[in-house]
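Protein chains in written order, with our numbering: chain A, 1 to 156; chain B, 157 to 312; chain C, 313 to 717; chain D, 718 to 1122.
Just so you know, these hints were derived from the structure itself, not from any lab.
Note that the coordinates shown come from a computational prediction; the quantities given were computed from them, not determined experimentally.
Beta carbons: idealized from backbone N, C-alpha and C, even for Gly.
Take these hints with a grain of salt, some might be off.
What the hints assert, rightly or not - Label-pair distances were calculated between CB atoms; the ranges are:
no.	chain 1	residue 1	chain 2	residue 2	range
1	C	Asp355	D	Lys924	30 to 38 angstroms
2	C	Glu612	B	Asp161	37 to 45 angstroms
3	A	Lys84	D	His735	36 to 44 angstroms
4	B	Glu255	D	Asp760	22 to 30 angstroms
5	C	Lys359	D	Lys798	38 to 46 angstroms
6	C	Lys328	D	Ser907	58 to 66 angstroms
Said to hold, decoys possible - Simulated crosslink set (DSBU-like; lysine-lysine; CA at most 30 angstroms straight-line):
no.	chain 1	residue 1	chain 2	residue 2
7	D	Lys1086	A	Lys16
8	C	Lys681	C	Lys503
9	C	Lys570	D	Lys899
10	B	Lys208	B	Lys238
11	A	Lys98	C	Lys359
12	A	Lys47	A	Lys130
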Amino acid sequence: MDLKDLYQEIILDHGKNPRNLRKTENFNKDAKGHNPLCGDKVHIFLKIDENKNISDISFEGSGCAISMASASIMTDLMKEKKEKEVKELVEDFLQMIKESPEMKTKIINENEKTKLMSLSGVKQYPMRVKCATLAWHTLTSAMNNSQEETNTEKFD
Amino acid sequence: MDLKDLYQEIILDHGKNPRNLRKTENFNKDAKGHNPLCGDKVHIFLKIDENKNISDISFEGSGCAISMASASIMTDLMKEKKEKEVKELVEDFLQMIKESPEMKTKIINENEKTKLMSLSGVKQYPMRVKCATLAWHTLTSAMNNSQEETNTEKFD
Amino acid sequence: MNINNIKKQFPIFNNKVHNNDLVYLDSANSSQKPQMVVDRIYDFYTKEFSNVGRSVHYLAVAATNLYENTRSMMQKYINAKDPNEIVFTKGATEAINLVANTFGQKFLREGDEILLTELEHHSNYVPWHYLRKLKGIKINFAEINNDGEITLESIEKSITPKTKMIAITHLSNVTGAILPIKEITSLAHSKNIPILIDGCQGAPHLKLDMQDIDCDFYAISCHKMYGPTGLGVLYAKKKWLDTLPPYQGGGGMIREVKKEGISFGDLPNKYEAGTMATAQVIAFGESIKFLNQIGIQNIEKHESELTKYGEEVLRKNNSVKLVGNPKNKGSVLSFTLDGIHAHDIATILDEDGVAIRAGHHCCQILHDKLGLSATARASLGVYNTKDDLDKLNESINKCKKIFDR
Amino acid sequence: MNINNIKKQFPIFNNKVHNNDLVYLDSANSSQKPQMVVDRIYDFYTKEFSNVGRSVHYLAVAATNLYENTRSMMQKYINAKDPNEIVFTKGATEAINLVANTFGQKFLREGDEILLTELEHHSNYVPWHYLRKLKGIKINFAEINNDGEITLESIEKSITPKTKMIAITHLSNVTGAILPIKEITSLAHSKNIPILIDGCQGAPHLKLDMQDIDCDFYAISCHKMYGPTGLGVLYAKKKWLDTLPPYQGGGGMIREVKKEGISFGDLPNKYEAGTMATAQVIAFGESIKFLNQIGIQNIEKHESELTKYGEEVLRKNNSVKLVGNPKNKGSVLSFTLDGIHAHDIATILDEDGVAIRAGHHCCQILHDKLGLSATARASLGVYNTKDDLDKLNESINKCKKIFDR
Ligand SMILES: Cc1ncc(COP(=O)(O)O)c(C=O)c1O
Ligand SMILES: Cc1ncc(COP(=O)(O)O)c(C=O)c1O
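Just chain A, with the same shape it has in the complex (with noise of 0.2 angstroms):
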């Protein structure tokens, strides 16, 4: 194992110079995330018109390249997607993830899979697999409108 393969070029480049890192303006859905054992933390904005595009997707938080870099990518890819798509794309991502070789999914072009396929290389850094999960879930509690933040209970 190549310590390559987890820091590669495109994931220190998202790292570094995140895009779609704002505050989307008159967003219509948004969620919160954090990963309290590294302190990453995310939150979403959406904003989903009357087709239930999204036609913006942004974010602002703090956290380690990969969870950076995997905000960063995710948020590119989603715009202009259908929340049915959005579905498809975050199941399909969190089993490449978690176990299968590969993207699935049709949706999107093969440069864009290659792009995700970066993010693969935590399969070898158990734990850092929630670093690149993060943006993804609190994108799942966006879409559902949740108003609780994403892996956080209330205060006892």
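For chain A, the structure is supplied; the task is to place chains B, C and D with the ligands on it using the hints.
Only chains B, C and D with the ligands this time, still in chain A's reference frame:
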């Protein structure tokens, strides 16, 4: 180490036919002792006269051969002893059981010491030491006219 | 694995006790350990050691995987629905304390009742006793019959409208009675009462199927199950672990911590505060492997033959009185000898290398009921043989000779 | 024992990590184990195993003596007055839970206050947090200064007439600050407040003298002290152990048990319910021997030189920022790298065999205060060398190179 060291004739004899296993009439001091780990129980009765002499001593109880023999030999020995002598004997006996190779007291004769030394076999069996010492600790409680059961706290 | 060769897998039997072969008849107290379990501990500490779940480096990741692997193995071994229903504790005693404490906190009010049995070990009584003081609850004891058994009827009779929990042993560590826990569980559930099984003596000897038994809680001591000391397992239905408050607080079981408040982690972390018994959990995986290699059916058969043989031998010996006579009996043979106290028996047997236990075996209530201050107990493990029971009988005879002098 | 040869006593260093020598810098998390400790576990299980304190047979008596022998060794090692002031627990976390639970039960009322510090590990906060809900108490946090220290003044300022317990760490597992615990203890006692020291990070590194420090409670994790996992020690003054109610209930800790009530045993049994971690306690005796053979003074000297060297090396590296700058600093070097998250650092270092920890190290309150979501932490043990710290620095440089591509 030979088992005969512990289960000597004299212990088996006293264990099976304990002397003074009765209740002194008009006793004026008494105490109960209990060894919950083994279930050994002993209740000691004393009649102490105006000169602080033990005019009678007896016990009731049940337990293993070692504890019964110890109570039997002890009560035999304490009859007609003065309070001060009792204290010295108890201390000397406990010392012998714990660490000393022999009894040091001059209050009793060699024959009596030999009887007590027959209990020294328990040294090889640390779990059995409490069996040999229960009656002695209980005698001390009785002399102090302690109302509480030796070795047993109040219920909580 | 040949059941007759099992002894060879236990290195302890290469040693002598008072110059005699060791006849180990104290497995209800704690079992001996097979070579593979001891080797696993050794290898883990010398080649792979790291703390679990907290660091991202290689050794830590490997240790975490091994640790969680035992959880999955245990889930399968007892056929729990979900690996998160397996909580590692420091022993069965802690497992029962965990349930009594958290269930008591959340669900018990003054006047509520807990139903135990007269067979219970102190570990399945003292934790409930605490709630008497703290919460003003009442404890009832289902009574044994003349054979030292607890029947379904005895439980049924003792249930009242105020019974909020039934907590009973699977297999008595004194009479050997095996309780009809599946029937008792279904009776309890028909009255909406949750049930805890003290499985200390059940787990090492009997086939376990949590989904079949359907109990709410099942407590296990790993050291009685050919595993390391300092480890226990609490099986609990997920709905309970989700509902009950956390038990001990510390690192690893929290989600977020602020000065004003704390939120707790998900299962299985919620009930595993602080650094866990990492090496012990990993080695316990080998205990499960060991049991699986023999097959629990084979163990049950072997031990039940031995128990019957032991009963026969001791019944033929006129001075021996067996304690209890349950129809469904596990690997425990408790007895008394007329005129010879149990502690004297144990000491004399020990001289011959025969290791038994004497006393009330942490069951004082049962001994009071039976009018016995102490009993002698021979208990069996997978490594025992008929020869061991013959030696037990010989030593008992020697005992009588000494006392009849 | 030559401090330069100590590494040889730890078999783990014969193994490779990602084809590199292991550079173990995660001892604050858990220390590696010397050969003699691992051997003791092996020998105990294969030659001498029995449960403790319950049977009268040979193996049981021998095990009981070994077990109690470790208690006496520990008493001497920390200079406690009485062996019964040593209680074995499953870890420091349980030790603190034990104190918070029993002290809270008996002595705390609504409105009472507990004083912690901003440096505390979750294990020394969550157990007290429980009492907020249960008893309506309040928790205060003494503040750190700019160097990440807790001074006597900071404690003094935070004490109020309602402060009923002070619970503080001996040595911060993040900034490495060593607290003036003797002075704080005497301040606390001058106001009649008992004090608990979380000694997890103190015990492996510093000379301990309970009678000199005079604290009421001191909690230790044996696995950080070259001992087995699943074991801790609570030191508590005898007057407290006599006064406080029991904690967990079960076998071995009782005196007499009846259906109506229970009376509890004397020390040390009162706080050791159920079958204890026998093998671990016995093996921990070897950890104490190991520490004594080197001499804690030599360990302090060696580690303090290493810590200074590590500070120097990292300070020279311009991209490294050390977390905290305490004058009296223990074997912990926490740091951040500009623009590189701690978890990325840890993963990249791991490739070179350099094991460090990244995260909030169970000190979220401290990290919030410092405005850091995570830090990287290299922590030292007796087996570390300057070479290890050079390798750490090299790997950090590699890290920067990867991220500067
Ligand atoms: C300062 C401090 N306190 C408490 C603990 C908890 O110790 P354990 O997890 O061994 O119970 C630790 C270690 O994790 C620690 O570093
Ligand atoms: C029936 C029963 N319950 C509970 C226990 C307590 O188990 P442990 O001491 O391992 O916590 C035991 C064993 O001592 C037992 O036999």
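**Message:** Of the numbered hints stated earlier in the document, which are not met by this structure?
**Reply:** none
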